[in-house]
Amino acid sequence: MSQEHIEHAIRKEYAAGFTTDIESDTLPPGLNEDTIRFISGRKNEPEWLLEWRLQAYRDWLQMAEPAWAHVNYPPVKFNEISYFSSPKAMKDRPQSLDEVDPQLIETYNKLGIPLHEQAALAGVAVDAVFDSVSVTTTFREKLWEAGVIFCSISEAVHDYPELIKKYLGSVVPRKDNFYAALNSAVFSDGSFVYIPKGVRCPMELSTYFRINEANTGQFERTLIVADEGSHVSYLEGCTAPMRDENQLHAAVVELVALDGAEIKYSTVQNWYPGDAEGKGGIYNFVTKRGVAHRDSKISWTQVETGSAITWKYPSCILRGDNSVGEFYSVALTNNAQQADTGTKMIHLGKNTRSTIISKGISAGKSSNAYRGLVRMSPRAEGARNYTQCDSLLIGDRCAAHTFPYIESRNPSAVIEHEATTSKVSDDQLYLCQQRGLDAEKAVSMIVNGFCKEVFRELPMEFAMEAGKLLEVSLEGSVG
Amino acid sequence: MLKIDNLHASVENKAILKGLDLAVGAGEVHAIMGPNGSGKSTLGHVLAGRPGYTVTAGSAQLLGQDLLTLDTEERAHLGLFLAYQYPVEIPGVSNMEFLKASVDAVREHRNEPALDSVSFMKQAREACKAVNLDQAFLKRGVNEGFSGGEKKRNELMQMMLLAPKLCIMDETDSGLDIDALQVVADGINAMRSPDRSFILVTHYQRLLNFIKPDRVHVLSGGRIVKSGDHSLALELEERGYAWLEDVA
Numbered sequence: 001m002s003q004e005h006i007e008h009a010i011r012k013e014y015a016a017g018f019t020t021d022i023e024s025d026t027l028p029p030g031l032n033e034d035t036i037r038f039i040s041g042r043k044n045e046p047e048w049l050l051e052w053r054l055q056a057y058r059d060w061l062q063m064a065e066p067a068w069a070h071v072n073y074p075p076v077k078f079n080e081i082s083y084f085s086s087p088k089a090m091k092d093r094p095q096s097l098d099e100v101d102p103q104l105i106e107t108y109n110k111l112g113i114p115l116h117e118q119a120a121l122a123g124v125a126v127d128a129v130f131d132s133v134s135v136t137t138t139f140r141e142k143l144w145e146a147g148v149i150f151c152s153i154s155e156a157v158h159d160y161p162e163l164i165k166k167y168l169g170s171v172v173p174r175k176d177n178f179y180a181a182l183n184s185a186v187f188s189d190g191s192f193v194y195i196p197k198g199v200r201c202p203m204e205l206s207t208y209f210r211i212n213e214a215n216t217g218q219f220e221r222t223l224i225v226a227d228e229g230s231h232v233s234y235l236e237g238c239t240a241p242m243r244d245e246n247q248l249h250a251a252v253v254e255l256v257a258l259d260g261a262e263i264k265y266s267t268v269q270n271w272y273p274g275d276a277e278g279k280g281g282i283y284n285f286v287t288k289r290g291v292a293h294r295d296s297k298i299s300w301t302q303v304e305t306g307s308a309i310t311w312k313y314p315s316c317i318l319r320g321d322n323s324v325g326e327f328y329s330v331a332l333t334n335n336a337q338q339a340d341t342g343t344k345m346i347h348l349g350k351n352t353r354s355t356i357i358s359k360g361i362s363a364g365k366s367s368n369a370y371r372g373l374v375r376m377s378p379r380a381e382g383a384r385n386y387t388q389c390d391s392l393l394i395g396d397r398c399a400a401h402t403f404p405y406i407e408s409r410n411p412s413a414v415i416e417h418e419a420t421t422s423k424v425s426d427d428q429l430y431l432c433q434q435r436g437l438d439a440e441k442a443v444s445m446i447v448n449g450f451c452k453e454v455f456r457e458l459p460m461e462f463a464m465e466a467g468k469l470l471e472v473s474l475e476g477s478v479g
Numbered sequence: 001m002l003k004i005d006n007l008h009a010s011v012e013n014k015a016i017l018k019g020l021d022l023a024v025g026a027g028e029v030h031a032i033m034g035p036n037g038s039g040k041s042t043l044g045h046v047l048a049g050r051p052g053y054t055v056t057a058g059s060a061q062l063l064g065q066d067l068l069t070l071d072t073e074e075r076a077h078l079g080l081f082l083a084y085q086y087p088v089e090i091p092g093v094s095n096m097e098f099l100k101a102s103v104d105a106v107r108e109h110r111n112e113p114a115l116d117s118v119s120f121m122k123q124a125r126e127a128c129k130a131v132n133l134d135q136a137f138l139k140r141g142v143n144e145g146f147s148g149g150e151k152k153r154n155e156l157m158q159m160m161l162l163a164p165k166l167c168i169m170d171e172t173d174s175g176l177d178i179d180a181l182q183v184v185a186d187g188i189n190a191m192r193s194p195d196r197s198f199i200l201v202t203h204y205q206r207l208l209n210f211i212k213p214d215r216v217h218v219l220s221g222g223r224i225v226k227s228g229d230h231s232l233a234l235e236l237e238e239r240g241y242a243w244l245e246d247v248a
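Just so you know, the sequences run in chain order R and A.
Residue 220 in the numbering used here sits at position 220 of the first sequence, and the numbers go up by one each step.
Residue 27 in the numbering used here sits at position 27 of the second sequence, and the numbers go up by one each step.
So that you can see chain R by itself, here it is in the shape it has in the complex (with noise of 0.2 Å):
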């Protein structure tokens, strides 16, 4: 494909809505037994990652799709999704970027994703994902060096299998739930991080996903280890190009703190969201849920802008005494947009804290809705929680829903929670214009001011691309 075949291929309603015509190596739609070997096979998995994943599928048989989320779509049909897709030209996978099909990088570049100088000069390491298999990975020496290790999880199997065999699905087990379960039978690569004792890891470490064949799903499968006292920023994000059909995504991210360690993850989620008449878009049901041992810290940011239907709830299970868990969420939603997310925050250590800040926007006819859970169990001496859960409301079609779970089982826990609903208002806007500003420059400066205790918990220049990308989902809220 030529340069002016890419630069024709790209569409103004949404910037990343291209495809490159790279000729995959894909698996027909479907799913069963064979589909799984077939998986595990083609990545040469040891025997016992096989018998894990049949396992999976296994009571993925035996598991209901959730019904209880506050979202409603057609039944996803899961014998016509192929599981597994490789660009063709990765197969024997490269060993520098110079040896990378050239038109994929044309792809990264396209979407501003740095992985030559750029990711040098901003001092990001990428693990950049093209559907299932990992591409490239940018900076192993030096993260080398610092004893830190990222690279792709199917790389983590066989160079590093008993980290992968202790840690995999300690966190969020196999049969967790019905898309975790899914997600264990197929997934087909992501990214594994282990921090050594008391490492501070010395650069950000960044992933992009992108989803690229048409009918795929994408089953990424994350494992952050931070070992004792160690320290670690992750960066993900993400962009697919324009489908009409929905594609399914159902991840699954484990993170384990250990005692003192600190885990800072953050999201970015610009999927294609579908059209103005929620045609097409994906549906991203995933599952995030971190480990915090005694003393340590896991900290969630994101920012959800993107995807059809949004399943998530980044949970942190704070089982060591004295550990630490906090939730910081933007999520907007636009035209026919669904979001039904939120967080979980199980207190089971003494004095644990945990701090969840929830910014919903509602735009269009759209429908936001967080659900958190705030649990203390018997033995959470101490314990404390604070929530803050506002929602903005843009127009008079969508919806702001919010779905506060408590329960305290131990007498000496405190917990709050503060919710708001408000609405961007005529006179702020009338306001804005009367000073000169344009009606979408001043919803979208609103909405930043509303979530500006979140953007402040990302990485700069993430925050840079959340308040852009606000404004690009934004478009058209107005008028």
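These aren't lab readings, by the way, just hints derived from the structure by calculation.
As the structure is a computational prediction, the values presented were derived from the model and not from experiment.
Mixed in with the good hints, there may be bad ones.
[Claimed, not checked] Covered stretches of chain A, going by a simulated chain R footprint (3 or more residues, C-beta under 8 Å):
1) 48–61
2) 223–236
[As the list claims (entries may be wrong)] The calculated DSSO-like cross-link candidates involving lysine-lysine, where the alpha carbons are at most 27 Å apart (straight line), are:
3) R:Lys350 - R:Lys365
4) R:Lys175 - R:Lys77
5) R:Lys344 - R:Lys452
6) R:Lys165 - R:Lys197
7) R:Lys468 - A:Lys226
8) R:Lys142 - R:Lys77
9) A:Lys165 - A:Lys226
10) R:Lys423 - A:Lys100
11) A:Lys122 - A:Lys165
12) A:Lys122 - A:Lys139
13) R:Lys441 - R:Lys166
14) R:Lys452 - A:Lys226
15) A:Lys165 - R:Lys441
16) A:Lys139 - R:Lys452
17) R:Lys468 - R:Lys441
18) R:Lys142 - R:Lys175
19) A:Lys165 - A:Lys129
20) R:Lys441 - A:Lys151
21) A:Lys165 - A:Lys18
22) R:Lys452 - A:Lys122
23) R:Lys365 - R:Lys468
24) R:Lys423 - A:Lys139
25) R:Lys279 - R:Lys365
26) A:Lys139 - R:Lys441
27) A:Lys151 - R:Lys423
28) A:Lys165 - R:Lys468
29) A:Lys139 - A:Lys3
30) A:Lys151 - R:Lys452
31) A:Lys139 - A:Lys129
32) R:Lys441 - A:Lys100
33) A:Lys226 - R:Lys441
34) R:Lys77 - R:Lys279
Cβ atoms here follow ideal geometry from the backbone N, Cα and C, with glycine treated the same way.
Model the placement of chain A on the given structure of chain R, informed by the hints.
Quick look at chain A alone, frame taken from chain R:
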């Protein structure tokens, strides 16, 4: 500068302005007084282009341009500024960010180069000082948790930075103590220039002791029923509005 002919306007189908005529020359200060409900604030909002305020007849021109066909922000770009009687709060959006965006938008439409951050900061600090607001206000949310007087001074600060051609001050003096009133009046006086005009909407003569108007108009029943010089304001203070309503 501003020329209004036979302006009729309604809000929620209720006629408020009923044939208002007004001409304000460049560099002039006009005071508009009148009883409650006479349409003083409505005039400002109609000129500024507030949604829901419908012009049913008449015309209004600013600098020779038909105001009534322009969008709210276009009127601002042209140089119209309305200092609100009740400024709204915009939580989370810092005053600084808001002002920079406003100034950028207005300058862009005037084909003036954008101010770099350093020059802008300098101007913003000076404006703060001029209205006797601590610089910390630049970092706070727009009007968020400001007292009544602070909000009014914040309006004045915005006006200074935007350097408009026509300033409409909607009861800027209401709710101000005497010291704050002095600050606001000093600010307005400092901004007076041959190519800038002011319309001061007020209930009270006392503001006009600080800012000497060229003309004073009495608005009643949606029309200007009497015009005069500063002495009219003094007379109104003494006699009230009732005698004028009889005239009308």
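Given the proposed pairing of A:Lys165 with A:Lys129, does the C-alpha separation stay at or below 27 Å? 22 Å, holds
Below or equal to 27 Å on CA atoms is what counts here, so check A:Lys139 against A:Lys129. 15 Å, holds
Compare the distance between the alpha carbons of R:Lys423 and A:Lys100 with 27 Å, and conclude whether the hinted pair is satisfied. Judged against 27 Å, a Cα distance of about 24 Å means the pair holds.
Hint consistency between R:Lys468 and A:Lys226 [alpha-carbon to alpha-carbon, up to 27 Å]: 53 Å, violated
Take the C-alpha atoms of A:Lys151 and R:Lys452, compute the straight-line distance between them, and say whether it is at most 27 Å. Holds, at about 22 Å.
Are the Cα atoms of A:Lys139 and A:Lys3 separated by 27 Å or less? Roughly 38 Å separates the two Cα atoms, so the pair is violated.
Compare the distance between the alpha carbons of R:Lys77 and R:Lys279 with 27 Å, and conclude whether the hinted pair is satisfied. 16 Å, holds
Mind checking the alpha carbons of R:Lys441 and A:Lys151 for me, to see if they're no more than 27 Å apart? 23 Å, holds
Does the alpha-carbon distance linking A:Lys226 and R:Lys441 stay inside the 27 Å limit? Answer violated: A:Lys226 to R:Lys441 is near 42 Å, above 27 Å.
Just to be careful, I want the Cα atoms of R:Lys452 and A:Lys226 compared with a cutoff of 27 Å; is the pair within it? This hinted pair is violated, its Cα atoms lying about 51 Å apart.
Count the residues of the segment 223–236 of chain A whose Cβ falls closer than 8 Å to any Cβ of chain R, and tell me whether that reaches three. Answer violated; 0 residues pass the 8 Å Cβ test.
Does R:Lys452 sit within 27 Å of R:Lys344, going by the straight-line distance between their CA atoms? 22 Å, holds
Checked against the numbered hints listed earlier, the structure breaks hints 2, 3, 7, 8, 13, 14, 18, 28, 29 and 33; every other hint is satisfied.
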